[in-house]
Structure formats: C-alpha cells, structure tokens
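**Q** Given these sequences and hints, build the entire structure.
Residue-level listing of the chains:
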Amino acid sequence: MDIGRSAFLHVCKTYVFQSCLLGVWKEKSIEHMKYFNQGIRHIILGILFFFYSINGESQTQLFSGELSAGRFTGTAEYPFEVVEGDSIPVGSFLMYKANLNALLQEKDSFFSISGAFNEGYPEGFWKFQFGEFISNRSSQVVGYQYRVNASGIQHDALGNLTAGKPDGDWVYKISRVENSEVSEELFKSKITFEQGVPQKSFQIENDSITLVGRFLRDGFAHDLWAVYSDVSSESSENWHFDNGLLGKIEKISPNGNMTLEIFDTSAQSYKSEVLDERYLKIVKWYIKEQQADLNSENMGMYRLLRQNALHYQSINAFFNDLGKSQFMPSFKVRLPFYSLDSLETKQIRNIAKTYGSSSRTSEALLGNPQLELLVRSNTEANYYYNVVKRLQSDFLEPLGTFITYYDQQTIEFLPRATLTRQIWPNGLPKKKIQMSNEAGSNVFWDLESFPEYEAQAMKMANVQNMAEYVESSLDSISESMSEWLKKAKKQQQFLTLDELLVKETQLLENNIDTLLTTDRLGIKRAFNGILATKETTLKTYAEMPESDEKLDYGQNVLTCLQNLGELASAVSKLPEQERIIKEAYQDAFWNPFTATIMDEDVKKRITAAHKNILIPYVLDLVDSPTVCEDAPNILQLINDIQTRLLELRDEPTKKLERKLRKEQDPESVLELLGIMSNIKTAER
Amino acid sequence: MKKHIVFGSVAACIFLLFGLSVGHAQEENILPEEAEFKEPVGRVWFNTYGNIRISKRLFWDAQTHFRFEETENTPYIGQIGQIYNRHAIGYIYSKSFNVSLGGVLRVNFNTDESSEDRSVVPEWRIWHQYQYAMPLGSTMFYHRIRIEHRWTQGFAENSEYIFRNRWRYMLRAKVPLNNYKFEPGTFYVSPEAELIMQSGKAVVASPMEDLRLTTTLGYIIQPRLTVAAGLMYSTGQTLENGGIYKQNWTFRIHLYFSPDFRKVKNKLPSIHFDD
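Sequence order for the protein chains is A and B.
The first sequence begins at 1 in this note's numbering and counts up one residue at a time.
The second sequence begins at 1 in this note's numbering and counts up one residue at a time.
Please keep in mind that the hints were generated in silico from the structure rather than gathered at the bench.
Don't take each hint at face value.
To be verified - DSS-like cross-link-like pairs, simulated, lysine-lysine; straight-line CA separation at most 27 Å:
(1) B:Lys181 x A:Lys582
(2) B:Lys56 x A:Lys604
(3) A:Lys582 x B:Lys56
(4) A:Lys611 x A:Lys524
(5) A:Lys604 x B:Lys181
(6) A:Lys284 x A:Lys248
(7) A:Lys654 x B:Lys56
(8) B:Lys181 x A:Lys611
**A** Structure, rendered in structure tokens:
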C-alpha cells in the first residue's frame, strides 16, 4: 500500500513540475505535450495501483519461500489469507526440496508435496513423495535434459481429503528404487475412508506378510483381522475383534497353534479408543501377561499396525503444522476400562512426584564418587550405601515400573489387581529391611518414626505410603552422610588441588630450566626471584591447617604458579625483545671511507633507557616478593614497553631524547615514553 | 665486481705507461753515475679526514693534515713542516664509485734551520680524484686516481711560482681482522701503495716524485668515526736532480669522521643511490 501511495505522489510531483516547465519554454511545447500525456497516464496508473493496494489488504497473498512443516523443510508456494492475525492457507499448495549437487556428491533427501487447502483445511487430492536417493554419478542427455539415475527408498502417500479428513482411498507405499526404477515394494497400506472413518476392508503389507482386516461402518475394528505370509495361503496370525473389542489372538505356527485370550469380554465398563501406539502397548501387556516369552514385536499384526500408524503420524504432523486437519485414521477399538477415581488419581500423581524426588536422591547417592571411596573405609557409610542400594532395587525399581504405566496413560486399561500382582508379586516390600540373609543377623534398616503401611498393593494409599517411606528414608540417609560427604569432598578437593599444585610447580621448574639459557641483561636474577616466590607461597600453603581458607589460598597459589610461569616465559623473551629493539633502532648508512654499508644506532637515548633503566626495573618487579598479585600488570607492562618502543622508532623524538638525558627514575622514564603502569608494588 | 677489477686494472696500466713515457722524455738530463739515496727523514703526520654529506649524492671532502718533520734539533716528532688543507665537493656515483673536485691550500714551513729565507709560503692546487671500491670477500680494494694541478714556490724571497701536474695512483686494501665485515669494533689492516708522478716545465729528470708504501692499522669506533695509524716508507726523485732520491719514514695517524647534519627525512634513503 505504501508503495502505491509513494508512486502516486511521485507521479503528481512530476506532473506539477513538468507543468511549470510548459509555461517557461513555450517554444518546446510539442515536446512538452508528450511529457504531459505521459504524466496523465502515470496519474491514472498511480490511482489504479493505489486503490488496488488499499483493497489488496484483504486479498489473498502469495507465500513463496522456505517453510518447515512436520519433518519437511523446503521451498513452499501457496496462497494465504490473513484472518485475525493468523495466516490461513487457501488454494493450491506446493512444497518441495531436491538438491542435484547433493545427489551427485553423496545423497539427497528429497520431497515433493502437492495438494490444496480450503479455508485452512486440506481439501481434495494430496500427494506426498519423499525419500533419500543416491546416484551412480553418471549422467546422460536425453531430449535436451540431463538424466541422472537415482537409487534409494521412496515413500508415496496419496489420497483425497475432505475438510481435513481422509476421504476415499488412501495409499501409503514404500518402494526400493534402483537406477530410477522400482525394484521392490517394501510396504503398502490401502485404506478406504469416509469422512475420516475407515471403511470396509483394508490391506497392509510389507515385503513378507500381508494384513487384511475390516471395519464396521462406524470405524470399529470387526471380525477377523488376519496376517498372511507370502509363502502360505493360510493365515499365520488372527486377531478376533467383536465390535472393536479384541477377544483373542490365534497364532499359527509349525510348532503348534496358540490362542491368547486378550480382553475381558465381561468387564464392568468399556471405552472406545483409537488403535494407536498406546493401544498396541496395552495389547502387548496382555500378551505378556499370558505368554511372557512371546515377543509381541515379532508378531506380524503388531508390527504392521505399528508401522502404518508411524507413517500416518508423519503426514499428520505435516498437516497439523499447516492448518486444521484430523488426518490420523481413527481405527476404532474398544477395551475394558478400569477407571481411577479422583482420590486414586491424586494418589498416583503424588506417588509419581515422590518417586521422582526419591530416585534423584538415590541416583545422587549411588553415583557419588566420594561416597564410593568412603564405603571402603567407613563401615557405617558402607551400611548406608547398602541400604540405599536395597531401597533402589526393592522399592524404587518396581515403583518406577508402576509409574511408567501411569505416564503412558495405559494404567486405566489394565486390570489393577493383575498389574499390581505382576509388579509386587509378594505385596509391597516390608518397611523393615533386613540387610543380611545370615541367620541371627540383626542388621536392618527401619525408619522407626515412620508409621507402618499395609502390604496390599491394590490400594493406592498403601503404595503412596511406601513411596513416602522411601523418600523419608533416603532423606534421612543423605542427612546422616552429608557430614562425611562434605568432609570427603573437601579431602578430595585438597587432593586434586595438591596434585595440580605439584604439576604446576614441576612445570614451572622445568620451564625455568629450559628458559634459562642466557644471563644477558641479568635475567637470571628474575628467574631466581620467581623460584624464591614459588618456594615461599608453597611453604605458606603447606604450613596452613586444613580449612576453607587453605583451599582458597591454594587456589590463589595455583593461579600464582601459573602467573609465574607466564612471567618466566616473558622474562626469557626479554633479551630477544631487546635485540629486536636494537635492530629496529638502526639505520643503514653508506660509510664513505670503507665504501660499505654500516648499521648505525639511532635514538640511542631511547634504547639506552630501555636497556639500562626499564629492563632492570621490570626484572626488579619480577624479583619482588609480591610478584604474584602483580603478575598480569607486569606482563602487560612488558608488552606495552615493547610496543611503545617500536612505535617511537618512527616518531619525532628530539624533545623526548633531550628529556631522557638526565632521567634515571624508571617510573619517570615510563611516563616520558607514554607508558601507563598499573604496578601496585611500584612504591617498594 | 668483475667489472670493477677490470676497470681498476686498466686504469692502473694506462697510468703507469703514461708515467713511464714521461720519464723517458727526461733521459738527457745530467745525472750522477749512480742513483744517490739521501738519508731517510723521519716524519709524523696527523691527518684528519672529514666526509660531510650535504645531499643525497654530494659530500664535502674536508681534510686537514699537520705534518711534522724531524730536524737536527727536533728528532722524533720534529717541527711543523706543512699544514695542509684539502677540500673538495664529492659526487657519489654509486656505492663503489665517487669523484671529487676541489682545491688545496698547503702552508709550507721552512724546516731548514740554517735558512734565512721566508719561513712560511703557501702552495696552491686544484685537484680531482676518481675512486673505485671493489669488495673481494670481506676485504675491500680501492683504486684511487688523483690528479693535481700544483703551483709551488720556494722559500727564497720573491721566488716565482712553478706549475706542475701530479699524477697519482693508489691501490689500497682494507682487511677486517676481527670481523667478517666493517662495523663498529672492527680492527682492520690496510696496506697501500701509491705512485706519484709529476710533469711540467720544471720537471726535467724527476718524473717520479714519490712512491709511498704504507701499512696502517685501523679501528672503527663508531660507524661515523674511525681511527688509524701506520708507517709509511716513501722515496722519490728530487726535483733538482733525477739521480738523487729522497727517502722518508712517516708515522701517520688518521682520524676519519663522516657526520651527516641533514634532517632525518632527507637522509632517507641513505643508501639507495639509484632510486
């Protein structure tokens, strides 16, 4: 809209200005008429554009750019409308990603999605294609196009949607592609929907088995759902549904047939649910309850349904990110429902909370390295440690399993009595924990202040009491051990610190040995100073009684040793720096008597001040007993001196040289040279 | 460097041939039957050599020598014989070649204690000089051709000026002793040989005025200050009679200085003559 306005104003201004020109130069009137006509045309166009822009605000706009939806990120093009601040896709939709370079170099994850939206709902025919291809890196030109063969896996999903719900036939298939041709079908599901409700029979197959099942008109699974293997015309697995309720599963195998009764057909209440991951988990539990050694993951039905649900989930996530839809197919099922009343719900929530805090405490204690060391030397600590282990294994682990059912929201679909019996076959563990199996042993754990609880696990109140007992026990144990732990931690800190100090000291001594190759400029004195400072600080540290102050002081000593190391390195470079300065302060000149080029020292007062005043000053500082605190400043000063000296080489310094002539005080020299010093020990 | 050697050698040969042909033209003079060599005279010379840069390529060559000569009453150091002022403007063609043109005022003192003539007389010269330097390893060789146009007069009252030309060639080497190059702190030894020929109406039978053989030991104190001392033996025909040769042993002390009073910015670049 703004662009329209400014274009309009621009046209108006141009016209007025050109009208003035008309008045001034009449002799050029014909030419000016031409401009005038153009001006009128511009005005009309400008007005039209202006109105178009004003009305355009409620018009459809076009999105074209990068978009992320579900697991897909790529270029998208679609029209949208802004309604109450929300952008709603309308009309045809296209989104794609394919990178030829990536394909040729390594592999390409591609996708292409096309369809349409109506008022934010996916509507009409939709097609998804995605996968990952590699190429054999050879190409050929066919009909003015480069052709590259690709191999990999491609997913195809296509079907109709009405108001965001699948309607009609939906096919999802996965193909293996070799050299741009489908070589094998890895998965295929074909489901007919009506307004999102699956209808009639459906078929899901992978490379070895096929599932055939059917629904009632209201979408409930019904009758026989059978799995056929490719090698036999007989079904290998039958799930018997009756109006959504899975009554039994027959498993036919060469070793013998097996029938598993699944849901209770005479339960007090039933609930309709969607056949999804959660439902399969519940079925899995029932299977396991009867046949503990049967791995439901290996059951064809389970596998195919799960696979199909995951594929539909990925498309559902895409639609959810873009607009309003209910893509997940509602394969409806019924299952017995053992509802929790509000008190039980509250109790389970409390159990979950208590379990969370207890398991954190327990993990912290069992994973504490100091404690692990401590138990070897301290029998009491060893006792506590073992109690925590027992609390973990006997109380927390089963409780964790129980809580998992709550977290997965499956607890209300499992018969409570069976579930609790499965988890606590002997009822809840006793409050008094016997720590030894030996007869006559009287080692146990019991938090006597805590009231006894009943062993019956069916009652959530009992479970809650037990959970609270574990929490209190762990709290009490941590409290008892905290003093030891603190002490042990401190000892550990001292050990670590001592180790670091020894390491740093050796490093420093070795460094000084290596660095001390010359005594030019008297640097040996500074090195000796550094070694003396090291000795004094270490001695002070060693003589201190073990305390928090000693720890703090030790940290300072560590920093000091590191600083001393840096200083030693800086001092060792002083002769080289002095040589660099000497070299910098030389001019080559032609000596007429020898007819040779000679190097001539220039600005000798500056170099002399550096060598005779500043370097000894720096060495004095390094040699001082308070060098540790000042180390960063001394390092800075050494750097600053070098930098400034090199700068002064090319600056006019006549006056400075004159002033330096009689100056012997290092700090005045620094001031004259314009070097700031933050040395605290300057007043020494 | 090869170019330098060839050039220097050619110059030296031409100079010697020229000198010999001058000598040949004087052979009809009356000479003693055998060459007579005078007793050697001891001399001490204090020489200062200034080389003052005045521009990128020009310098002022300023030399002042105090030359003492022994007499019967003053052995060893002797008494002042000449004060010698040699000045010139030099032109630095390259690092190894330079030329100079200038004048000399030499003040000659009468050292003949028995003489009743004038005790001081001036001597005037116009001189020009061409000097090549040739490095050979760490040793430097120098070829110096110096031509002087000289007006001299005797100590006798109202004596006329006589005009002569002097043709001088000197070959000098400088060998650093304690270093591989010349820099402050370097001692060097400098052997040199100079042949001075002369010509002019007054020169009848004595074209070889002087042959100087010297060895000097020098020390570079600073880049712009060098001292040296050495002993020179010299011999040559006397002007009066070509058959009589004078001989001298001269102890020479040199002070070389080369200040540059130009502003720093004008000094740069101080060595790149060809920029």
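**Q** For every hint, state whether the structure bears it out.
**A** Hints and how they fare:
For the proposed pair B:Lys181 and A:Lys582, the alpha carbon gap of about 19 Å is at most 27 Å, so the pair holds. Using a Cα cut-off of 27 Å, the hinted pair B:Lys56 and A:Lys604 holds, with the two alpha carbons roughly 24 Å apart. With a CA separation close to 26 Å, the supplied pair A:Lys582 and B:Lys56 stays within the 27 Å bound. For a cut-off of 27 Å, the pair hint linking A:Lys611 to A:Lys524 stands: about 16 Å separates their Cα positions.
Between A:Lys604 and B:Lys181 the alpha-carbon distance is near 22 Å, which keeps this suggested pair within the 27 Å criterion. About 13 Å separates the Cα atoms of A:Lys284 and A:Lys248, which keeps this hinted pair within 27 Å; it holds. In summary, the hint linking A:Lys654 to B:Lys56 is supported, as the alpha carbons are separated by about 23 Å, within the 27 Å threshold. Under the criterion of a C-alpha separation no larger than 27 Å, the hint pairing B:Lys181 with A:Lys611 is consistent with the structure, at around 26 Å.
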